[in-house]
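Asker: Taken in sequence, the protein lines are chains A and B.
So in the working numbering, the last one in the first sequence is 316, and the numbering has no gaps at all.
So in the working numbering, the last one in the second sequence is 404, and the numbering has no gaps at all.
Just so you know, these hints were derived from the structure itself, not from any lab.
Please note that the accuracy of each hint is not assured.
Each computed EDC-like pair below joins lysine to aspartate or glutamate, with the alpha-carbon atoms no more than 16 Å apart [stated by the list, open to error]: (1) Lys195/B <-> Asp206/B; (2) Lys286/A <-> Asp206/B; (3) Lys286/A <-> Asp169/B; (4) Lys145/B <-> Glu285/A; (5) Lys279/B <-> Asp206/B.
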Amino acid sequence: MNDFLEILVVGIGNGAIYAMLGLGLVVIYRSTGLLNFASGELAMFSTFIVWTFWNFGLPMWLAILGGMVGGFLIGVLVHKVAVSPLGDPHERPLAVVIVTIGLFLGLNGAAQLIWGTVDKRLDPWFGVSQITVGGVAIAWQKIGAVVVLFMMVLLLWALFKFTKVGLSMRAVASNSESSALCGVSVQNMLMLGWGMAAGIGTLAGVFSAPNLGLGTNLMQLTLVFGFAAIVLGGFDSILGAVVGGFVVGILSSVVPQYVSVFEKMPLAPAFILILAVLLFRPQGLFGSKEVARV
Amino acid sequence: MKTLRGLGLVQTILWAVALIVVIVLPFTSAPFRVEQYITWMTIAVAAAGLNLLTGYNGQISVGHGALYGTGAYTVAILVTDAEWPLLPTVIAAAIVCFVVGVIIGLPALRIKGLYLALVTLAVATLFPLVIEQFSDLTGGSGGLTLTSEQLYRGSIRDRRVKWESPIDGLASDQWKYFIFLAISIICFVVIANLVKSRVGRSLVAIRDNETAAEVSGINVSRTKILTFGVSAAIAGIGGAMFALNKGQVNPTSFTLTLSIYLLVAVVLGGASTVIGPAIGAVIYGVFIDVISPELPESLHSATPLILGTLLVAQMLMAPSGIVGGFHDLTARISRRKQGGGKQDKNEEVTVTTHEVVAETDLETDPGGFHP
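Whole structure, please, built from the sequences with the hints as guidance.
Answerer: Structure follows, in structure tokens:
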């Protein structure tokens, strides 16, 4: 039983990371309607920025803040230079895929160029100590991940619910033409969305790096897990990303333990989940249904 | 009329030069280069298969590296475990990949556009893990070396497969080069004929407007599934050639990066053009095998940065790729020259303009990614 609980704890810790990356994906999907295949690499890149600050001697929280600002700026730049000239993503899906894949390659190459190909070590933000609850050891780092995730969700919820900026972003997402007529700067809002998504992704990277080692492949598996999370939760639902993240995290740590066929592929349950949800319930658990006019 | 013939001449010359270069290259390059050229061919073939699906049919796949890998592993297992002769394994790889492609093609009927890209991306990420999971068959992370029972110093032992040239004066790497060149050319000729046929037109029709295609009497589901199968089979042939060329397979060769580079080859060369993927594969090969090793150690990883930047820049500025751009250019030149001669031969010009328009439509319309 304790074994199971410990595996469960690992799954919840990972789930929080997947949910963070998923949140970034949801923010971008809500504001621009596209799936950002480069979001994992954006997160990886800004985690390297965090490492640089941290390695320079800054305290961890300040380094993370710096990395998030850096990620935000890169996200803004990426949107301005590469994404906004494309126009409506659902009209030209291939162009969107190609551009985000190009960014994927480019960011990966840039990171290798700047930081080299040897993995860096980033200390866990909340230290290596753990507490024991009912015979189950729980690392503070995992509790920290869950707490940070919920703070982010609260902040995002408050932003969209109570602030003028959040209202404008929602307006742009639901009808960009009408909101432009009301005086909302559509491009600025989309840019803000990209920046925010990249900033949030940084946290996913910061929590992944101590376990996986900070290399340029840091987020490649996590990206698929993050996508699985938002597929399950619904592409445009913040709550969905969180619930989906935890479900995917728990599935991918529990299933390989007990099903020997999946022993070396924790990704397989997530993949089956993606396929099943897209086939039978494309809007996910909490997402809104897509309606097309023929 | 004359200008058209002139442009045709340019094309013929380009083809002739390409042919001569392709034939002369293995005689003027070092053996390791010749092996690299063969790798480029395998990329070209796989990219051509991907182009059939993504360029012509509009079903986006970021997972063709997995099919390439499936082809490679089929060959490796058949040669090593089942003692097959080398070349028939290529056909077996094509058949296996066709079946796998059809299986992936079934859910792709419901999952479209960006979401299909997402699923195939997951397939590409999953593939190396699947290989490691079933290590009894695939050799796990250590990979498989292609061996066969050969006579060695009087006794029969398992040794690495080799290509013995039956022709005097042709080294084994050159012999291998021409065999794989022949297979590649067959693949491209098959694709060229396919896209010019009724089937090819229905692929494009489905890409441009699925409902309209259905209404015009095309069996959309069947066509899409078969396209997935054929595309996968061709990618599998590419992978089979890869395994036979290297003599070994390893899960690290078939990661997501490979799938991405296949897409890069298609898009840079020119999607929905027959020869585009080959040109894209050569550009990729020149970057990876020729330019990158020349750079100082610290700049080696500049290659993905450059290719990624090129990809984004091209998508924004010239989405039809190199071959598509060439067609646009020749069409514009011939149109301008037509305009200049208008006063002299009024009657002939009206006829030729029609022909020019017809030709440009045929040549440029399937190219590029317009909505």
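Asker: The structure should be examined with respect to each hint, and the outcome stated for every one.
Answerer: Now the hints, each set against the structure:
1. Lys195/B <-> Asp206/B: Holds, at about 10 Å.
2. Lys286/A <-> Asp206/B: Measuring from Cα to Cα gives roughly 38 Å; hence the hint is violated.
3. Lys286/A <-> Asp169/B: holds, 13 Å
4. Lys145/B <-> Glu285/A: violated, 31 Å
5. Lys279/B <-> Asp206/B: OK: Lys279/B and Asp206/B at ~11 Å, within 16 Å.
In this structure, the earlier hints numbered 2, 4 are contradicted, and the remaining ones agree with it.
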